[in-house]
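If you're matching them up, the sequences are chains A and B in order.
The number in the working numbering is simply the position in the first sequence, starting from 1, with 11 added.
The number in the working numbering is simply the position in the second sequence, starting from 1, with 54 added.
If you're looking for bench data, these hints aren't it; they were derived computationally from the structure.
Small disclaimer: the values here were computed from a predicted structure and weren't measured.
One should not assume that every hint holds.
[What the hints assert, rightly or not] From the structure, some residues in chain A lie toward chain B, with a derived Cβ separation under 8 Å:
no.: 1; residue: G71
no.: 2; residue: F74
no.: 3; residue: T76
no.: 4; residue: I87
no.: 5; residue: V90
no.: 6; residue: E91
no.: 7; residue: K94
no.: 8; residue: P100
no.: 9; residue: P103
no.: 10; residue: Y104
no.: 11; residue: Y108
no.: 12; residue: Y117
no.: 13; residue: R120
no.: 14; residue: G162
no.: 15; residue: Y271
[To be verified] Using C-beta positions, here's what the derived DEER-type ranges look like:
no.: 16; chain 1: B; residue 1: L289; chain 2: A; residue 2: G59; range: 16 to 24 Å
no.: 17; chain 1: A; residue 1: T23; chain 2: B; residue 2: D72; range: 38 to 46 Å
no.: 18; chain 1: B; residue 1: A189; chain 2: A; residue 2: K147; range: 40 to 48 Å
no.: 19; chain 1: A; residue 1: H32; chain 2: B; residue 2: L260; range: 22 to 30 Å
no.: 20; chain 1: B; residue 1: A82; chain 2: A; residue 2: K36; range: 36 to 44 Å
no.: 21; chain 1: A; residue 1: E197; chain 2: B; residue 2: K134; range: 44 to 52 Å
no.: 22; chain 1: A; residue 1: H32; chain 2: B; residue 2: K134; range: 22 to 30 Å
No residue lacks a Cβ here, since even glycine has one placed at the ideal position from N, Cα and C.
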Amino acid sequence: MSGFAIEIENLTKEYPFGFLHLKKKTSLEGLNMQVEMGEVFGFIGPNGAGKSTTIKLLMGLIFPTAGTARILGRPISDVEMHKDIGYLPEQPYFYDYLTAAEVLDYFARFHDLKAADRKERVERMLKRVGLETARKIQLRKYSKGMLQRVGLAQAILHDPKLVILDEPMSGLDPVGRREVRDIILELKREGKTVMFSTHILSDAETLCDRVGVIVGGKLRGVGAPGQLVDMKTQGMEILFALTGANNAPFLAKATKTGEYYRLQVAEGELYAAIGQLRGAGARILSVTQVKATLEEFFMNLVEADRAQAAAVEVSGK
Amino acid sequence: MKRVGIVALNTFREAVRDRVLYNLVFFALLMMLAAVVVGQISIGIEESVIVSLGLSAISVIGLLISVFIGVALVSKEMEKRTLYALLAKPVRRWEFLLGKFGGLVLTLAVNIAAMAAGLFLVMLYVKHSLQQSDAVVLVAVYFIWLKLALIVALALMFSCFTTPLLAILFTAGLYIVGLYVQELRNLPVDVMSPAMAAFTKWLSYLLPNFENFNVMAMAAHGRAVPGRLILQNTLYAVIYCAIVLTGAAAVFSRKNLK
């Protein structure tokens, strides 16, 4: 087996539409990407970027127009490989006539687990996702967040080597999101590979070893969150407090938040600014480097994509 | 095949929990009413009226379940996306399809068996005893079950490539056409062009022949059904179902889910 949990080569998905299906919409264009064994990989992009399409292609729910992919060294068409994969669909929905314990037991049966083992795992998973008290309630009475927890439980029930989660934080309250984050980190500690899609960039930044940014069906960047954004310091931010009225010239550039001021200056001007602040009687609380965030990187890509799309539309007219 | 069994048992559980078997209450009420009324209005032919009525009710109830639930078996899973998590397990699409088919056929077997038991109870009430010749009613019930299995297979196949509404229309349409296959074979071919005669003959063998499964008149009059017909109908249903399900699996295995 290679060192990659997922290897994607030139994966493309087009959907026919219109009269006689003569027109084609490209949801994913020539995707090339690898997810390494044991890493937490975040797949980020705006709605409709192609994240779910990629995941569905990997899970064999839809079929590629071109390209190939391998999971754990085996082609995605090999269903037996699903024994080692856990998958949480986007906005999951399960048989609503079953209880959480029944649905987990049902899925566990496909993994050839013995009855006692199944029972023990189901109980453990229900506890892990915080559903042990609701275990005997039919899923038709579950909230969206509870269904998401059931989805997560069924994805990790059989102790898979690779876990693919499509928008795992969707529909969850802050407590639920925290719990999912903890589960992802726990899976990483256990040596599992986790790939999850999200549009919540803070989650990706906190959890992921590497992220892939997809916009408009094309992969725009892959790497550690810190590598993707420009690591060069964009300036320095000084946080200070000022007592009494003051009309020092730098105050016009500062932003007041509550009783504190923030002033952003170029790196070379830092000491001069500190000197001015001290001269004006300011109490300096902290000095921090200003770097681009993943969000800024992401927004730049999205805006560039929109501008390109608009340009194409104008030239088409 | 173990995975097929897991899906089938869950499909049966779904039918039970979705109250599909509630039709048994309707059937029981109908038969009780029939037992009372028939005794008063049809002196001498109570048995045949009860058998005809009972078998017709089993057939109609079974038809409704086969067509409507047969179409929903896969389309509901696709629409509600319950299929996503399942197909991410080590399950092949044809295994899922066969499991859904098996589950509904099992549901129909239990349902029909319960209705048949009810019919025999009413026959016992009307006649005060049962004879060996009444076993023909069991054969008629078995044939209804085979016919329904064939309808489920057709409903499942249509639902794999068209909308649920169209699948219901196609299945119901094919059932009605299938009742008249014998008439198609009896058309006077000597007045047709050779091409038309060949086409008619070809079509009559391609379409499912549901008339073969109808032994209601024999059952109503206590006439025995030849063993050859039992074997022939069993083989016909198994082979036809296998062909239709293979077609359904071929379509479904290439289907992009929403």
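Self-check item: Violations among the numbered hints, reported as their numbers in ascending order
Solution: Hints 3, 4, 15, 16, 20 and 21 are the ones this structure does not satisfy, whereas the remaining hints hold.
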